Amino acid sequence: MTEALDLSLYAKPAGEGTLGMELAVEGIACGACIDRIENAVKSLPGVREARLNYTNRRLHVAWADGAVQPAQILKVLEASGYHGHPFVPLRAEKDEAAEARRLTRCLAVAGFAAMNVMLLSVSVWSGNVTDITPETRDFFHWASALIALPAAAYAGRPFFARAWRALRSRALNMDVPISLGVILALGMSLVETANHAKHAYFDSAIMLLFFLLVGRALDHAMRRKTRAVAGNLAALKGQSAHRFAGGELTSVPVAALQGGDRILVKPGERVPADGTILGGNSEIDESLITGETVRRKVASGATVYAGSVNYSGALTLKVAVAGGASLIDEIEKLLEKAASAKSRAMRLADRASRIYAPVVHLTAALTLAGWLIAGASLHDALVTAIAVLIITCPCALALAIPAVQVVASGALFRASVILNIGDAVERLAEVDTIVFDKTGTLTLPEPRVANIAALDPGLLQMAARLALSSSHPLAVALSREAEMHVVFGGAVEEPGHGVRAIINGIEARLGSPEFCDVVSENTSSASAVCFRHGKRFEVITISQKLRSDAVDVVKSLRERGLALRILSGDRPEAVAPIALALGIESWQGGMKPADKIRRIEEWKAGGGRVLMVGDGLNDAPSLAAAYVSLSPISANDVTQARADAVFLGERLRPVLDSVVIARRARGLMTQNLWIAAIYNAIAVPIAIGGAVTPLIAALAMSGSSLLVTLNALRAGGRTP
Amino acid sequence: MNVLIYLVPTALGLGLLGLFAFLWALRNGQYSDVDGAALRILSDDDIEH
Chain A
1 MTEALDLSLY AKPAGEGTLG MELAVEGIAC GACIDRIENA VKSLPGVREA RLNYTNRRLH
61 VAWADGAVQP AQILKVLEAS GYHGHPFVPL RAEKDEAAEA RRLTRCLAVA GFAAMNVMLL
121 SVSVWSGNVT DITPETRDFF HWASALIALP AAAYAGRPFF ARAWRALRSR ALNMDVPISL
181 GVILALGMSL VETANHAKHA YFDSAIMLLF FLLVGRALDH AMRRKTRAVA GNLAALKGQS
241 AHRFAGGELT SVPVAALQGG DRILVKPGER VPADGTILGG NSEIDESLIT GETVRRKVAS
301 GATVYAGSVN YSGALTLKVA VAGGASLIDE IEKLLEKAAS AKSRAMRLAD RASRIYAPVV
361 HLTAALTLAG WLIAGASLHD ALVTAIAVLI ITCPCALALA IPAVQVVASG ALFRASVILN
421 IGDAVERLAE VDTIVFDKTG TLTLPEPRVA NIAALDPGLL QMAARLALSS SHPLAVALSR
481 EAEMHVVFGG AVEEPGHGVR AIINGIEARL GSPEFCDVVS ENTSSASAVC FRHGKRFEVI
541 TISQKLRSDA VDVVKSLRER GLALRILSGD RPEAVAPIAL ALGIESWQGG MKPADKIRRI
601 EEWKAGGGRV LMVGDGLNDA PSLAAAYVSL SPISANDVTQ ARADAVFLGE RLRPVLDSVV
661 IARRARGLMT QNLWIAAIYN AIAVPIAIGG AVTPLIAALA MSGSSLLVTL NALRAGGRTP
Chain B
1001 MNVLIYLVPT ALGLGLLGLF AFLWALRNGQ YSDVDGAALR ILSDDDIEH
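For the record, the sequence lines run as chains A and B.
So for the first sequence, the numbering used here puts the first residue at 1; every next one is plus one.
So for the second sequence, the numbering used here puts the first residue at 1001; every next one is plus one.
You can trust all of the hints, since none of them are fake.
A few chain B residues facing chain A, derived, Cβ under 7 Å:
1. L1026
2. V1034
3. D1035
Calculated directly from the structure, the hints in this document are not laboratory data.
Everything numeric in this text was worked out from a predicted model, so none of it was measured.
Built from N, CA and C at the ideal position, the CB exists for glycine as well.
Turn these sequences into a full structure, and let the hints steer you where they fit.
Rendered as structure tokens:
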């Protein structure tokens, strides 16, 4: 039976009888893929546009309404070797894109103005020590004013708006001294120009804006990139469900399911939504939710949760009304509590600027008062105070942290770690304890053949190829060992028992012990399959397997002085061998979500900074409660959304890399803050002394900004 | 120094031209797929075989 795939949820009208759809495309490996994908989609009659964005791996398709079914596009992609996953772009993503364009426009205007004003200023500076005529100097100053004033009014808006918002709510942020400095500098320069003075400060004001905008644009670009990647991941994980519509079965995206829908879950599939069983008997694996690896028997009337794997029989479910499922509800509640506790931890940059803003104002005010008391004219005192305000404005400070974050997140990305939250880098660096979940985190998310060494290689290959014909989860696990991915012709699956086929003229059977006529001496063979080929047979045990590099990574982490612990929801008997293999002494099994949180809170209270690495739904609250959290890409959606970063692949190495990269980045951030502080320590006394000419201000500001930016680039080096 | 009266505005005008060119490129989506643009130039699907 072929069932129709209904994707109408994703097709959006794009004007003139055209429908458009966005797809996240998986499997793009090189530049040639661009042509291959676009040509394949364009070959469909009725498709008007197909454009692949290689940077964020997204395909935009537009077609004449009614000419093409969205499902056909997926099929064409599939035929060319790519997987397309339709998705609706998040609203937040659109807003961020608009904000990014606005910041870039401001940056362009400020850059243009800074270059041209500087051109005129350098002429004045060199003229002042040679033979510039006062008329030419005035002309240059007026020309500078003509460029700087409109440019500042345009490019300064992001700062002015935020400063105004802060002032209205009677608060002080870093934007207040910035705005004040820029406006005062421009105003004073205008007065000075009108009075034919030797110096004007248009260049300082506009350069200040330019450097600050660079920092802000970098910061924004990074947050936007992480969000786009997160959006793609969400789409890639989006699965489809079989929904009964009338008497027929239609395949719909999970996002389109509603409370009360009746759906079919076939053996070997993941349960797409929480619900109650209306019909069918089966065993389900809830390891993704509770960490428990023993399968649960379910029958009509039982409640099942999204993310569990259906093992033996087809189930008909009634989808629970959103928010009606008690387990999810309870976990959501725990999550909210834990998340609110975390937001109290302030970001390093915010902390620095909160202390810094009042200091800037105070220094400027004291300078003004000091010079007045010392008998200087109001004009001279004001000029000096404004110079202090400009020179203390935190160009280097504003660049110091975003620049390192951008470079470090790039390095993390190359190490297969994707950040959900930008400041996770700072927190990762401070970690002293790592808590691992077992199932799916230390072990691979999918079970594997455990006793390969004891098996006859020829029989194993035969069994693995035969397993390709079955969708039973144990067979799927076994089929991963197959070297040839060719199905045996004539293989027949007997639901609930196994598969059989004729291989080399002899009947081969794969399945339960009874089906294969094997007397299994292994009594706890919940995860064993038997294979018989003629007279020869093997009992193949399938179980959770450690990630291939887990032992080495755990060793390296310990060498770096980190305390390692395991908290698992699985039975203690199942956790013990894993802990022993890894040499982790502190472990606990049978933990409920609330127990995990309690343990983490205890360690936190003892001064520990806990990195939680987990994937189960039961880990989501502890991920939120921990100081910082990581989760593998195979994790449950809810869990992934709570993690500060997500890592890809089958290896545990990204956990080590993320700590190493974060520590290096943290070191560079501290260095950069010191560079900014030393810059201030030298420049501020000169400014208070009244000796800052526009030339000195320009050199000091660009010099320190360049220095911190170059220093930040060091965060991107290779990990050992 | 009278030459400056028209040279400075000319220089500014040229700079503005560059600025507007950039803003146009930005609005036109020239920067939305930076990695892709570098690869698309290598494709020769415009050549008839």
